[in-house]
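Protein sequence lines correspond, in order, to chains A and B. Numbering (the numbering used here) for the first sequence: 1 to 139. Numbering (the numbering used here) for the second sequence: 1 to 237.
Keep in mind the hints are simulated off the structure, nothing from the lab. Among these hints, one or two may not hold up.
[As the list claims (entries may be wrong)] Lysine-lysine pairs mimicking BS3-like chemistry, simulated, CA-CA at most 30 Å apart:
#, chain 1, residue 1, chain 2, residue 2
1, A, Lys100, A, Lys131
2, B, Lys181, B, Lys33
3, B, Lys37, A, Lys120
4, B, Lys134, A, Lys35
5, A, Lys100, B, Lys33
[Said to hold, decoys possible] Label pairs and their in silico Cβ distance ranges:
#, chain 1, residue 1, chain 2, residue 2, range
6, A, Leu7, B, Lys82, 39 to 49 Å
7, A, Asn92, B, Leu234, 50 to 60 Å
8, A, Lys131, B, Lys209, 54 to 64 Å
Here a beta-carbon is modelled for each residue, glycine too, at the ideal position from N, C-alpha and C.
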Amino acid sequence: MKEALTLIEENIVTPKKIELSNIQELMGTFFAKLKNRVDNYIGDYPTFIEPVYLEDNVKIGDDVLLGPNVYIGANSEIADYVEISNTIIYENVKIGENFKLENCIVAKNSSFNFTDLNVKNSLLMGVANLKTELEIYGL
Amino acid sequence: MPNEEIEFSRIKEVESTNLARDDIRNEVIETKKAVEKDNNLLADKVHQNLLENNIKSFDIVGAIGAGKTALLEKIAEKLTPKYRILVICGDITTRVDADRIGKHNVDTIQINTGRECALNAYHVHQIIKNKDLKNYDIIFIENVGNLICPSEFVLGTDKRITVVSITEGEWVIEKHPMLFKMSDIAVINKIDLKERLGTNVEKMIADAKNFNPEIEVITTSAKTGENIDKLMELLGF
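Only chain A is shown next, with the shape it has when bound in the complex:
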């Protein structure tokens, strides 16, 4: 699993050079083998649709729906009313309230400190305190 994550991460380091078919294929392969691990999060009772894999110390808010096909890296935080499917979130990420992400990748150390975002097929990265500051690329 770590190797596949590293491979995908290498593809997002220079986003302008993303080869669309390549990264979609890598994600498809990654999700096909993704195991379920949801007994280790910090928070209330979210809804999980298998498979969802949570690394250690993931914080999850109220009324959250994760899955299917969701990986969340260590020390990441998911705020209230978030829905995520077919998405890889790397470590130390902060997802704002009422985000809806489908088929996305969120780069490590990203922090989105605003509310209400609904995106599909995108790479998100960086620190954004406002929606207009969001660094986002199509996948």
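Let chain A serve as the given structure and place chain B on it in line with the hints.
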């Protein structure tokens, strides 16, 4: 979050119109209507998708301990030699049921609903759109164990099966009219305990028929296998 927002959030959560203050009553009602409409639209989409892929589909509802999983295990044993089966299991937490059924050579997906007391069409749609449906002939959906919330949400399957057991008492059907009105088959399970418990099974059958004259009612024992073949016939196998 300001107190007012917390209150509104809570009211939306319980979806109970009479708890809403006058100034937000309209909004609460509109939200409820929209949610119901969206669920029905998604259920239609799910059903259409399953039909196009020649998949037979059933959702099974009933209280915790009624025998939903045990019946599914019996059914899976009989069907897996001929059919490719996907079982979607709904529970607040754990994957105990999915693990039990998974031992019978079927694919399983667990949905942990957290604080929600029933599956809805959105959950099922999220799974269906991520699965290659050509790999399956039959889909069973085992709902979260209770007899109340599932009546709020149709899931888009061919038939709904409601399972009760005689250990729940002879009033269990009489007390849950909504679910039996919207079900196609009522299964009264644990019939092997009839002599010992003295439950009035005839009343239970009459109650189900009274609520829904079209409903098929069958008594079974998942433990002894009694009438499992008859249940299979009702499912069309």
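Cross-check of the supplied hints:
For the hint linking A:Lys100 to A:Lys131, the alpha-carbon distance of about 14 Å falls within 30 Å, and the restraint holds. Proposed proximity of B:Lys181 and B:Lys33 is supported: the alpha carbons are some 21 Å apart, at most 30 Å. Our distance criterion of 30 Å between C-alpha atoms is met by B:Lys37 and A:Lys120, whose separation comes to about 24 Å. Between B:Lys134 and A:Lys35, the direct Cα distance comes to roughly 22 Å. Compliance with the 30 Å bound is thereby established for this hinted pair.
Under the criterion of a C-alpha separation no larger than 30 Å, the hint pairing A:Lys100 with B:Lys33 is consistent with the structure, at around 22 Å. The hinted window of 39 to 49 Å between A:Leu7 and B:Lys82 holds, with their beta carbons roughly 40 Å apart. Between A:Asn92 and B:Leu234 the beta carbons are some 54 Å apart, a value that agrees with the proposed interval 50 to 60 Å. Taking 54 to 64 Å as the suggested C-beta distance range, the pair A:Lys131 and B:Lys209 conforms, at roughly 57 Å.
Violation of the numbered hints given earlier is absent; every hint is satisfied by the structure.
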